[in-house]
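*Asks:* Given only the sequences and the hints, what does the whole structure look like? Please build it.
Residue numbers (my numbering), protein chains in the order written: chain Y, 1 to 564; chain R, 1 to 211.
Hints are not guaranteed to be accurate.
What the hints assert, rightly or not - Listed next, the stretches of chain Y that the computed footprint assigns to chain R, with coverage defined by at least 3 CB atoms under 8 Å from CB atoms of chain R:
1) 464–475
2) 550–559
Stated by the list, open to error - Derived pair list, reagent style DSS-like, types lysine-lysine, alpha-carbon separation capped at 27 Å:
3) R:Lys112 x Y:Lys556
4) R:Lys112 x R:Lys141
5) R:Lys19 x R:Lys141
6) R:Lys141 x Y:Lys556
No wet-lab data here; the hints were simulated from the structure.
For every residue, glycine included, the Cβ atom is placed at its ideal position computed from N, Cα and C.
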Amino acid sequence: MLRLVPALIVTLLVGPILAGVAMVLLPAFGYLPALGGDTLTLAPWRELLAQPGLARSVGVSFASGLVTTVVSLAVVLLFLAGASGTRLDHWLRRLVSPLLSLPHAAAAFGLAFLIAPSGLAARWLSPGLTGWERPPDLLIVQDPWGLSLMAGLIIKEIPFLLLMSLAALPQLEAPRRVAMARSLGYRPALAWLKAVAPALYPLIRLPVYAVIAFASSVVDVAMILGPSLPPTLAVSILTWFNDPDLSRRFLASAGAVLQLGVTLAALATWWGLECGVRRLGRRWVEGGQRRCGEVPLRLAGKGALLVATLTAGLGLVGLAFYSVAGFWRFPDALPASLTLTHWTRALPTLGGPVATTLVIAASATLLALVLALAALENEQRSGRHPAEGRLASALTLLYLPLIVPQIAFLFGLVVLLETLGLRARLALVILGHLLFVLPYVFLSLAEAYRRFDPRWDQLTLTLGRSRNATFWRVRLPILLAPMLTAAAVGLAVSIGQYLPTQLLGAGRITTVTTEAVSLAAGANRRVIGVWALVQASLPLLGFVIALGVPRLLWAKRRDLQGAP
Amino acid sequence: MNDRHTLTLDAIRIALDGKTLIAIDSEVGPGEVLTVMGPSGSGKSTLLAYLAGFLSPAFQARGRVRLDGRDITDRPAEQRDIGLLFQDPLLFPHLSVAGNLRFGLPRRTPDKAARIDQALAEVGLADYGERDPATLSGGQKARVALMRLLLSAPCAVLLDEPFSRLDTQLRQEMRQLVFSRLRDAGLPSLLVTHDREDADAAGGRVIELKD
Numbered sequence: 001m002l003r004l005v006p007a008l009i010v011t012l013l014v015g016p017i018l019a020g021v022a023m024v025l026l027p028a029f030g031y032l033p034a035l036g037g038d039t040l041t042l043a044p045w046r047e048l049l050a051q052p053g054l055a056r057s058v059g060v061s062f063a064s065g066l067v068t069t070v071v072s073l074a075v076v077l078l079f080l081a082g083a084s085g086t087r088l089d090h091w092l093r094r095l096v097s098p099l100l101s102l103p104h105a106a107a108a109f110g111l112a113f114l115i116a117p118s119g120l121a122a123r124w125l126s127p128g129l130t131g132w133e134r135p136p137d138l139l140i141v142q143d144p145w146g147l148s149l150m151a152g153l154i155i156k157e158i159p160f161l162l163l164m165s166l167a168a169l170p171q172l173e174a175p176r177r178v179a180m181a182r183s184l185g186y187r188p189a190l191a192w193l194k195a196v197a198p199a200l201y202p203l204i205r206l207p208v209y210a211v212i213a214f215a216s217s218v219v220d221v222a223m224i225l226g227p228s229l230p231p232t233l234a235v236s237i238l239t240w241f242n243d244p245d246l247s248r249r250f251l252a253s254a255g256a257v258l259q260l261g262v263t264l265a266a267l268a269t270w271w272g273l274e275c276g277v278r279r280l281g282r283r284w285v286e287g288g289q290r291r292c293g294e295v296p297l298r299l300a301g302k303g304a305l306l307v308a309t310l311t312a313g314l315g316l317v318g319l320a321f322y323s324v325a326g327f328w329r330f331p332d333a334l335p336a337s338l339t340l341t342h343w344t345r346a347l348p349t350l351g352g353p354v355a356t357t358l359v360i361a362a363s364a365t366l367l368a369l370v371l372a373l374a375a376l377e378n379e380q381r382s383g384r385h386p387a388e389g390r391l392a393s394a395l396t397l398l399y400l401p402l403i404v405p406q407i408a409f410l411f412g413l414v415v416l417l418e419t420l421g422l423r424a425r426l427a428l429v430i431l432g433h434l435l436f437v438l439p440y441v442f443l444s445l446a447e448a449y450r451r452f453d454p455r456w457d458q459l460t461l462t463l464g465r466s467r468n469a470t471f472w473r474v475r476l477p478i479l480l481a482p483m484l485t486a487a488a489v490g491l492a493v494s495i496g497q498y499l500p501t502q503l504l505g506a507g508r509i510t511t512v513t514t515e516a517v518s519l520a521a522g523a524n525r526r527v528i529g530v531w532a533l534v535q536a537s538l539p540l541l542g543f544v545i546a547l548g549v550p551r552l553l554w555a556k557r558r559d560l561q562g563a564p
Numbered sequence: 001m002n003d004r005h006t007l008t009l010d011a012i013r014i015a016l017d018g019k020t021l022i023a024i025d026s027e028v029g030p031g032e033v034l035t036v037m038g039p040s041g042s043g044k045s046t047l048l049a050y051l052a053g054f055l056s057p058a059f060q061a062r063g064r065v066r067l068d069g070r071d072i073t074d075r076p077a078e079q080r081d082i083g084l085l086f087q088d089p090l091l092f093p094h095l096s097v098a099g100n101l102r103f104g105l106p107r108r109t110p111d112k113a114a115r116i117d118q119a120l121a122e123v124g125l126a127d128y129g130e131r132d133p134a135t136l137s138g139g140q141k142a143r144v145a146l147m148r149l150l151l152s153a154p155c156a157v158l159l160d161e162p163f164s165r166l167d168t169q170l171r172q173e174m175r176q177l178v179f180s181r182l183r184d185a186g187l188p189s190l191l192v193t194h195d196r197e198d199a200d201a202a203g204g205r206v207i208e209l210k211d
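*Replies:* Okay, structure coming up:
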């Protein structure tokens with residue numbers, strides 16, 4: 001049984017993606033018998049190329065993929081280089097997990113409320129600094145260049161890359177490398193950048209690629225912060241797909257193939273950049289420059305991370321203000337009156353979506369946890385090391401759902417399911433979420449599982465207990481804390497999903513995320529504030545449980561208190 | 001616990017990539033301690049892993065292991081009736097002291113609680129049953145680990161440098177306790193160590209390995 005798990009996981013992850021991409025490729029060239037497309041033709045492409053503003057859509061998608069990644073990665077590396085164990089550093093590191101669990105849509109709404117012409121920032125600076133008595137007529141949110149979109153993505157991708165880096169760093173013995181370089185006269189931040197960063201990058205390369213893919217094809221954030229005339233390519237595709245005129249699905253399919261190409265182009269460009277930076281970087285590392293730029297580098301990293309964190313935090317504060325605001329005249333810094341009516345009015349409609357969200361998240365997470373544990377336990381029993389050939393490639397496959405753009409395969413999958421007549425929508429949504437939950441659960445659990453001292457297993461066996469007893473009675477209890485953390489990550493990932501719920505649920509399954517994103521067009525800030533806050537607080541629930549349960553359960557077991 | 005057992009190492013030879021790491025042919029009688037001495041990297045731990053049933057498939061092993069005449073070479077670790085004492089006490093952090101001992105007891109043992117109380121009293125730890133193992137001193141932990149091993153009623157015992165992490169004073173005490181206990185229980189034991197004093201305290205035959 002256990003031996004089949006890796007194959008099962010690969011099938012679960014790769015199968016739907018391949019099927020989805022195939023079912024996008026065929027209609028893109030006119031073949032979709034259900035809609036009367038029996039011959040291969042280039043008509044969908046001609047229609048696609050005739051769409052107004054296509055070049056701009058593609059340009060914004062491509063640029064946001066690269067710019068988001070460059071900025072996020074630079075901030076993370078500079079912060080790690082400049083971090084020197086001060087209280088601010090610890091505090092910022094602590095904020096990483098909650099920030100990571102913040103759904104993209106909630107973060108995007110928070111940013112929108114902060115930087116909009118009539119948003120929190122403008123109110124707090126007006127009229128004193130700006131002289132504005134009325135909201136200025138500026139297109140800040142949804143600007144045509146996609147800058148606010150990139151800013152919204154950067155806020156969320158920084159915590160992701162930071163956490164991935166922090167997880168990879170222990171392998172590198174960074175303090176020793178830095179100490180070595182410092183003994184050669186390098187200042188601390190330069191020592192880190194020259195002696196640690198080049199070794200760290202290969203370890204976080206896949207997460208970096210995932211950021212590129214995500215940022216170049218994201219839908220929910222782009223619907224909230226991205227340009228609207230024309231929207232990004234991914235949003236256009238979704239619009240075409242949802243068009244009541246079903247023949248537009250050929251157009252949508254061609255668009256999805258184009259999206260795949262845009263993301264691949266962004267990845268290829270990044271790869272080219274990597275080569276260039278490697279060459280220039282080597283010259284810089286070997287150049288022997290020891291002091292130049294130390295202080296600016298250090299301040300830049302800290303400052304940028306601080307700004308990103310504060311922006312996310314203030315965004316949430318903005319959401320909270322709007323959700324209880326009564327009359328709020330511009331440019332008053334605070335609402336003239338507070339009211340709970342937005343909450344009481346939303347409350348009756350909140351229950352259903354919250355319940356649906358939790359059912360989907362809990363089911364997908366539970367499935368992911370079982371699969372991840374089974375795969376890891378199989379790895380232990382077969383004695384195969386993760387670094388040895390086959391499993392290394394299986395691990396790469398785990399990233400596949402994170403690197404292939406959702407929009408490029410999900411609706412191919414929907415077309416396929418429609419053709420097969422499968423209508424178990426809730427189950428399909430759960431399986432769809434599993435695609436994205438499983439990689440994160442596996443990755444966050446694998447580290448603790450593989451590091452587990454093998455002598456515990458040996459001890460249990462020599463005490464005459466079976467392999468299964470070892471798993472249930474020793475491994476699981478001792479690894480409870482990392483397991484719950486992995487589950488919390490899984491819940492957060494599932495709660496934040498927009499596109500899989502929307503597409504696989506055929507628009508009939510409403511979660512807090514689909515509801516919040518659909519409000520984006522309506523622009524009633526007070527209602528959005530309520531929904532976005534609910535969306536932001538649900539994942540925190542998981543982390544509270546993950547931190548609280550081990551403390552309660554192991555209240556009298558000191559060695560399990562500080563467990564990772 | 002007073003059954004008498006014999007551990008036979010019948011022409012055992014373990015190799016890695018065709019190069020012999022260790023070859024041993026010996027018999028350990030009831031209550032006897034056979035010491036295998038050698039520097040690190042001499043294959044001592046490989047021998048223990050082989051006897052306990054944890055040898056990595058990368059190694060090639062020949063010969064047979066017999067316990068009271070039964071061939072246990074191909075049995076899985078949990079069915080060998082061979083107990084193992086590690087460098088560290090390795091008390092399960094999620095169980096109480098008594099819970100750790102109970103974990104070692106075979107499932108059908110009658111009157112488990114009394115056995116556990118008695119075992120704790122024998123090593124001067126009466127009333128420690130409900131304690132969190134993390135609150136015990138190093139010596140107390142080592143004693144609990146020893147009693148857990150004995151309660152699991154093994155037919156032979158492997159000792160993997162069990163005293164190397166203790167300070168000098170404690171090391172003397174533990175050596176005496178461990179060896180007298182194993183002798184009383186009539187268990188054949190195999191000790192691997194790089195410490196001459198361990199070998200002297202064990203008082204049995206010594207096999208020295210070269211690099």
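*Asks:* So, against the hints stated earlier in the document, which numbers end up violated here?
*Replies:* 5
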